[in-house]
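Participant: Sequence:
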Amino acid sequence: MKVRIPVIALLLAVSLVVMLPEHRAWHGLGGGENVRLGRDTIKTDQATANNIALLRSLAMEYCPDGRTFLAVPFWPGAYAVLERKAPVWEIHALNPRNSTFQQREIQRIEDAEPGFAIVWDAALDGREELRFQNTHPLIDQYIRRNFEQIDEPLYPKTLRIYRMRKATQ
Numbered sequence: 004m005k006v007r008i009p010v011i012a013l014l015l016a017v018s019l020v021v022m023l024p025e026h027r028a029w030h031g032l033g034g035g036e037n038v039r040l041g042r043d044t045i046k047t048d049q050a051t052a053n054n055i056a057l058l059r060s061l062a063m064e065y066c067p068d069g070r071t072f073l074a075v076p077f078w079p080g081a082y083a084v085l086e087r088k089a090p091v092w093e094i095h096a097l098n099p100r101n102s103t104f105q106q107r108e109i110q111r112i113e114d115a116e117p118g119f120a121i122v123w124d125a126a127l128d129g130r131e132e133l134r135f136q137n138t139h140p141l142i143d144q145y146i147r148r149n150f151e152q153i154d155e156p157l158y159p160k161t162l163r164i165y166r167m168r169k170a171t172q
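Residues in the sequence shown are numbered consecutively from 4, following the numbering used here.
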């Protein structure tokens with residue numbers, strides 16, 4: 004009995020040292036960034052804080068007065084962060100869609116006149132066929148034709164960011 008308690012205490016201490024850094028609550032105690040969302044302040048990792056800052060700066064420049072934007076194939080939280088309505092029905096554009104569906108979505112985008120568009124340009128789960136340009140080729144072509152890509156070296160490489168083309172006179 005006398006030997007068993009110290010062994011158990013040692014095993015418990017080693018387990019804590021090994022596993023505690025893997026627990027989410029432990030990460031929250033460390034660093035992180037405080038971000039204001041609506042009336043709340045949340046603590047988040049630096050990458051998420053940077054994405055929120057990017058969204059806010061794009062909205063200030065290209066979507067004044069509550070104008071909407073487009074975030075595809077998925078980033079529904081972006082609309083909540085900026086308190087904007089999504090201009091499309093499909094906010095998780097993960098599966099291939101037929102041309103009829105895509106044409107209806109394009110019409111919704113045209114009607115909404117978003118100030119900018121963000122395309123997360125990566126192969127979902129490493130599968131090239133699930134890249135947005137392959138699952139929604141008509142919408143992707145529409146974005147490329149009707150928006151002007153913003154080439155900013157500081158933007159994440161996985162994002163293609165566009166602003167609405169200025170009307171030519």
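The hints are simulated quantities; they were obtained by calculation from the structure and are not laboratory data.
Careful: at least some of the hints might be erroneous.
[Stated by the list, open to error] The calculated label-pair distances, taken between Cβ atoms and stated as ranges, are:
#1 Lys5 - Arg42: 55 to 61 Å
#2 Ala50 - Leu97: 31 to 37 Å
#3 Phe104 - Met63: 50 to 56 Å
#4 Ile11 - Ala50: 27 to 33 Å
#5 Leu19 - Gln136: 43 to 49 Å
#6 Leu97 - Glu151: 51 to 57 Å
#7 Ala50 - Arg130: 56 to 62 Å
Beta carbons are placed, not taken as given, at the ideal position from N, Cα and C, and that holds for glycine.
Participant: Look at the Cβ atoms of Ala50 and Leu97 and judge whether their distance stays inside 31 to 37 Å.
Facilitator: Given about 21 Å between the Cβ atoms, the range is violated.
Participant: Could you see if the CB distance from Leu19 to Gln136 stays within 43 to 49 Å?
Facilitator: 48 Å, holds
Participant: Is it true that Leu97 and Glu151 lie within 51 to 57 Å of each other by Cβ?
Facilitator: 26 Å, violated
Participant: A range of 27 to 33 Å was offered for this pair. Does it hold for the Cβ distance of Ile11 and Ala50?
Facilitator: 40 Å, violated
Participant: Given the hint of 55 to 61 Å, check if Lys5 and Arg42 actually sit that far apart at their C-beta atoms.
Facilitator: Once the Cβ atoms are compared, 57 Å apart, the range 55 to 61 Å for Arg42 and Lys5 holds.
Participant: Could you check the hint for me, namely that Phe104 and Met63 are 50 to 56 Å apart, CB to CB?
Facilitator: With Cβ atoms ~32 Å apart, the hint is violated.
Participant: At the C-beta level, are Ala50 and Arg130 separated by a distance inside 56 to 62 Å?
Facilitator: 23 Å, violated
Figure legend: structure checked against the earlier numbered hints; hints not met, in rising order: 2, 3, 4, 6 and 7.
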